[in-house]
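Participant: On the provided structure of chain A, position chain B as indicated by the hints.
Order-wise, the sequence lines are chains A and B.
Each step along the first sequence adds one to the number in my numbering, with nothing skipped, and position 223 is 223.
Going from the second sequence to my numbering is simple: count from 1 and add 1000.
To be clear, the hints were calculated from the coordinates, so they are not data collected in a lab.
Every residue gets a Cβ at the ideal spot worked out from N, C-alpha and C, and that includes glycine.
Some clues are possibly wrong.
[What the hints assert, rightly or not] Ranges of calculated distance between the beta carbons of each label pair, as one might list FRET restraints:
| # | chain 1 | residue 1 | chain 2 | residue 2 | range |
| --- | --- | --- | --- | --- | --- |
| 1 | B | Asp1027 | A | Tyr208 | 39 to 45 Å |
| 2 | B | Arg1043 | A | Glu259 | 28 to 34 Å |
| 3 | A | Phe374 | B | Gln1079 | 46 to 52 Å |
| 4 | A | Gly180 | B | Gln1079 | 44 to 50 Å |
| 5 | A | Glu259 | B | Gln1079 | 26 to 32 Å |
| 6 | B | Asn1036 | A | Asp72 | 54 to 60 Å |
| 7 | A | Asp52 | B | Lys1019 | 44 to 50 Å |
[Unchecked claim] The calculated lysine to aspartate or glutamate pairs, modelled on DMTMM-like cross-linking and capped at a C-alpha distance of 20 Å, are:
| # | chain 1 | residue 1 | chain 2 | residue 2 |
| --- | --- | --- | --- | --- |
| 8 | B | Lys1065 | A | Glu108 |
| 9 | A | Lys201 | B | Asp1014 |
| 10 | B | Lys1068 | A | Glu224 |
| 11 | B | Lys1087 | A | Asp220 |
| 12 | A | Lys253 | A | Glu218 |
| 13 | B | Lys1065 | A | Glu113 |
| 14 | A | Lys274 | B | Glu1054 |
| 15 | B | Lys1065 | A | Glu266 |
| 16 | B | Lys1065 | A | Glu259 |
| 17 | A | Lys322 | A | Asp99 |
| 18 | B | Lys1068 | A | Glu115 |
| 19 | A | Lys149 | A | Asp183 |
| 20 | B | Lys1097 | A | Glu259 |
| 21 | B | Lys1056 | A | Glu108 |
| 22 | A | Lys280 | B | Asp1058 |
| 23 | B | Lys1087 | A | Glu224 |
| 24 | B | Lys1075 | A | Asp112 |
| 25 | B | Lys1075 | A | Asp220 |
| 26 | A | Lys274 | B | Asp1058 |
| 27 | B | Lys1075 | A | Glu115 |
| 28 | A | Lys400 | A | Glu352 |
| 29 | B | Lys1087 | A | Glu218 |
| 30 | B | Lys1056 | A | Asp265 |
| 31 | B | Lys1056 | A | Glu266 |
| 32 | A | Lys392 | A | Asp26 |
| 33 | A | Lys199 | B | Asp1073 |
| 34 | A | Lys201 | B | Glu1015 |
| 35 | B | Lys1075 | A | Glu204 |
| 36 | A | Lys239 | B | Asp1073 |
| 37 | B | Lys1075 | A | Glu224 |
| 38 | B | Lys1068 | A | Glu113 |
| 39 | A | Lys231 | A | Asp120 |
| 40 | A | Lys199 | B | Glu1015 |
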Amino acid sequence: MKRLVILGAGTGGTIMANHLKKELDDKKWGITIVDGRKQHYYQPGFLFIPFDQYKPEDVVKPIQQFIPEGVDFVNISVDKINAAQHQVVLANGNTLLYDILIIATGSEIAPDETEGMQGDEWGKSVFTFYDFEGAIALRDKLKNWQGGKLVVHITEMPIKCPVAPLEFAFLADSFFKDKGMRDKVEITYVTPLSGAFTKPKTTETLNYLLKEKNIHIETDFAIESVDNDNKQILDYGGKSVPFDLLVTVPTNKGSQVIENSGLGDELNFVPTDKATLQSKVHPDIFVLGDATNVPTSKAGSVVHFEAEILTENILAYIKGQKLEEEFDGHANCFIETGGGKALLIDFNYDHEPVTGTFPIAGIGPLRLLKESRFNHYGKLAFKWVYWNMLLKARPIPFVKARMSIAGKDYN
Amino acid sequence: MDKIISGKNIGLTDEGFLKDFAQWDKDIADALAAENQIVLTPRHWEVLTYIQNEFKNDVPLSIRKIGKSGIVDIKEFYQLFPVAPLKTATKIAGIPKPVSCI
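In isolation and in its complexed conformation, chain A is listed as follows (with noise of 0.2 Å):
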């Protein structure tokens, strides 16, 4: 009998999961997964509690439940990897053998990384709706805040789910509408990019968001530290922007366990094949999702493609031929931008977001690159997708793992 361990029960581990279980020969292989946490969090749903739009309820469930059956699942927090054992070591010192490994460990915040984030006003006027616990910390903020300088920052990137700042950013526009104190706030977006989008066409389409919103922001900011005294954040070149309330996105990174593995880069992500998903330094470990280092977006959109493409690529390993599946980079996000309306966009590691129809082209019946109300359903329709068909690896319909140029505007 021969061992697929899968690290991560998040996102990508739980579709690998559901994949591998339909395809592979249970006679022959069996599948553990390992994650040492009793919750699963529909994480895009973690941007709607500030403003009290999503319950805290309703972005939870047991991690189990996604588990298909005939899989072992292993409770238990992993501490290392021992690639040249092809060993897993548990939080509690055993010790699992694989034949073939798929890391899943995701990313996750890490704000002391950053001078002074975690000061005296951590909690107080510092927040962060990146994890459960600091998205339920802001909406109790938020319900009493009298207004003042609303600054939304990246830290630096990569970022789990880049558009989700600046749609933190619309969302709050609208929140401070709606409760009649809009005048009393000023919103400032701050990012170490060189616009509040970074792909060129885009920017050229929606850079009157920012105007009709009249969001200021503040480009190429690198920050080197949270000023608790004054209230106010510094970047390395001298400049600084002064906060009554600052959300901010912290640094994010790998898992720990890449660190205790040896396996990653100076952020722990996983030097990995950006087609093949194969790890660049060893054939028995592949890597998807945020874990990775590939140049596209960390979203649940994509490690949902990367699963279709592994999971051909493993069993293609399995019998010992060439890799021949190779991702594309795609990538496919619902930008919320308040009042009721929400983008979409869908791109590549070649192909910027564009105009253009989607998932049908030429009829849609969602919009790219465009405001709608009908993209915002489909938003809002999504954590139903998530939890009934992305996770178990339910094929969602029209939409494919490889971006299709059809229906696009392209020059």
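Facilitator: Positioned in the frame of chain A, the structure of chain B alone reads:
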């Protein structure tokens, strides 16, 4: 778009990055630096050489990475290339704009 830089016709992206590293040489680096109000010193060249080597080895670049390179810390990187240092340095080094996702 094409542009004449130090007497040569150079292909540039809309954002001013060289399309083809093969067209790059030290005179072009000096000219691109001057456009960004920078005079290249031996310290600048150490950083530019490091950046070019990382690019050739297919290693994604970030400000953090350069800060941990052992060549410069982030503070000095900013002193050398004061405005948007990673973008400016990669442009002068003749390599593509670092990918930072959307």
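Participant: So which of those numbered hints doesn't the model satisfy?
Facilitator: The structure conflicts with hints 12, 20, 21, 33, 35, although it agrees with all the remaining ones.
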